[in-house]
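Protein chains in written order, with our numbering: chain A, 1 to 247; chain B, 1 to 247; chain C, 1 to 247.
Calculated from the structure, these hints are not laboratory results. Just so you know, these numbers come straight off a predicted model, no measurement behind them. A hint or two may mislead.
[Unchecked claim] Reference excerpt, derived from the structure (chain A facing chain B, CB under 7 Å, subset only):
1. E60
2. D62
3. T107
[Unchecked claim] With a cut-off of at most 25 Å between alpha-carbon atoms, the simulated SDA-like pairs for lysine to any residue come out as follows:
4. K96/A x D172/B
5. K205/B x D102/A
6. K96/C x A153/A
7. K96/A x M147/B
Backbone N, C-alpha and C define an ideal beta-carbon position, used for all residues, glycine too.
Next come the chains, spelled out residue by residue.
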Amino acid sequence: MFKAIVSAETLRTALDSVSVLVDECKVHLNEDGIEIRAVDPANVGMVDLSLSADAFESYEADGGLIGVDLSRLEDIAGMADSAQLVELELDEETRKLHIQIDGLEYTLALIDPDSIRQEPDIPDLDLAAEIVIEGADIDRSVTAADMVSDHIALGVDETDELFYVDAEGDTDDVHLELDQSDLIDLQVGPAHSLFSLDYLKDMNKAIDKDAEVTLELGEEFPVKLHFDIAEGNGQVTFMLAPRIQSD
Amino acid sequence: MFKAIVSAETLRTALDSVSVLVDECKVHLNEDGIEIRAVDPANVGMVDLSLSADAFESYEADGGLIGVDLSRLEDIAGMADSAQLVELELDEETRKLHIQIDGLEYTLALIDPDSIRQEPDIPDLDLAAEIVIEGADIDRSVTAADMVSDHIALGVDETDELFYVDAEGDTDDVHLELDQSDLIDLQVGPAHSLFSLDYLKDMNKAIDKDAEVTLELGEEFPVKLHFDIAEGNGQVTFMLAPRIQSD
Amino acid sequence: MFKAIVSAETLRTALDSVSVLVDECKVHLNEDGIEIRAVDPANVGMVDLSLSADAFESYEADGGLIGVDLSRLEDIAGMADSAQLVELELDEETRKLHIQIDGLEYTLALIDPDSIRQEPDIPDLDLAAEIVIEGADIDRSVTAADMVSDHIALGVDETDELFYVDAEGDTDDVHLELDQSDLIDLQVGPAHSLFSLDYLKDMNKAIDKDAEVTLELGEEFPVKLHFDIAEGNGQVTFMLAPRIQSD
């Protein structure tokens, strides 16, 4: 059983954070909210999304699992205005999701969850440095790095107590340093890792410019990015595997 | 003789309603206004536009007929701001139309009307149901149907007294029901017909979101769509032939 | 030595006026400001830009010469908001330009000036007519002419004391007349020349709609366009060679 009402904006924000990595996903319809975990085909980027029942206008579920074509569902949610409500109801027998927006009913065929790539276990890593940064600073780091390179280094300078971003191109370089005063928070620790810019660009698309993003970073370790959505009633965690240093 | 002044917005609105179906058309320069009738090459969609002399700032004509390249004339009208006036004057000898916008003069070569597809006779049909609906509701019906199918069914449920839209895709379906309270007006009668979505999408482009559109509908019959333009000083009628039910 | 701070908007405006003609250019870092002169590969359009030290928040230079990839520098400047400051500093040893925008540092490799097309000498012409016109009128002349032709005639009617624009297409024509009252200023003299529309379209892109542009025009002679940028602290001169009359 699953029956819920949610604002189009909340639904779109939640879907966006997953669709930047995968096209299809499994959605857990838990009693206290929905949860989605997914990993991209190359096993490099992972996402863990939870959206609590409080993010919905109304929510009833008893623990089902459905498979969803994300772009299809995003298109449907995209027809509604931000503040409009989207009603979702699962038809257990036909395995279809009935979606209502102001009288318009869309019947979405679900995907067999068994045919969807297995959900990842997001590992519990003990990362030495933690940076709390505005989404806007992630955006300009990624945009600038993209002008010169296809990878980006993130690190912490323990001596000067600052977080840095580095991108080295064939002729041009980009470098950004943010200290305590530029950041929302910084816990220094040994940290320097290189990442694929393509993945970080995709993840950046799902991050609001004024979001508070917590980065957990280590030495040649994956980076974790956490941020809230839906006014704190939802949490997104991205994890991105490092690239081997090319020098 | 033809000499007229009209706001760029009125001119563009009028041209748009014809150009969604055809590239060239005959324009009747009647004493009391202009009239355009056109049918698409496949003979599926027709348009009848009349724009009375009252829609113009000034209007003089004595019954001529000209052939016009619509996209060319739309491009010219598109250079003006909405409220700017467009002056039109026919040079009978050279068969060119002189168009002035704030001192800029454009000389448009006309097309021999005989070389343009013959004008259709829009048949007088006795359609059983009449639905008066907002342009915005046509827009979302067409947009939603387009996500699942390339045809769309329009009909009236006489028992429940409602107008419905149906689109069936291979896996997903779209359904919309609008009753008396959702519509501006509804006269029930036996009505259900299937239409090509491509044509309805084109026609929808010419319909303002806040227009009042009258749909005349029957059983496997063409649909007629009527709406006003130019603050009631112009009328557009679209007619769309039905597709044979595929089931 | 070169070290300067300038608003992103001023930097972009200056670069735009050159990049409409060439991809790379030499920049003279004079004591009293920067100067750029460039000619397009076909030797048809030239630009002379000077941006005085007063256009900068701070400016120090001692006469160097650097070679710049314009689109690269425009991309960097494009990352900043209009009012944001861009810090530029030349590293003489590495021949790289360090560009800082709010803590983000971009290291731009310069181009060997000797590898860039030689700078033109903008000839001192004695042109008989001078027209001072709003950028918006140049824009609509160019836009309208582009609908019918790939060249445009500019001229002055000495008898009627007006400036005119003419474009003749295969079937359609465009004509615009602007007299003293439509122009900011007009000094009549024998003037009529034909120009390639492609070049004038490119130059038009660099001209603000509300700029005051001085056109110097003669009989089958190049046209010169002068306008201020950076609130009068910068001047741009375009020169465009005439095309031979095709009739």
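Hint check:
1. E60: Since chain B brings no Cβ nearer than about 23 Å to E60/A, farther than 7 Å, the hint is violated.
2. D62: It is violated, given that the least Cβ distance between D62/A and chain B is near 25 Å, above 7 Å.
3. T107: 4 Å, holds
4. K96/A x D172/B: With Cα atoms ~9 Å apart, K96/A and D172/B stay inside 25 Å; holds.
5. K205/B x D102/A: 22 Å, holds
6. K96/C x A153/A: Judged against 25 Å, a Cα distance of about 21 Å means the pair holds.
7. K96/A x M147/B: Holds, at about 16 Å.
Checked against the numbered hints given earlier, the structure breaks hints 1 and 2 and satisfies all the rest.
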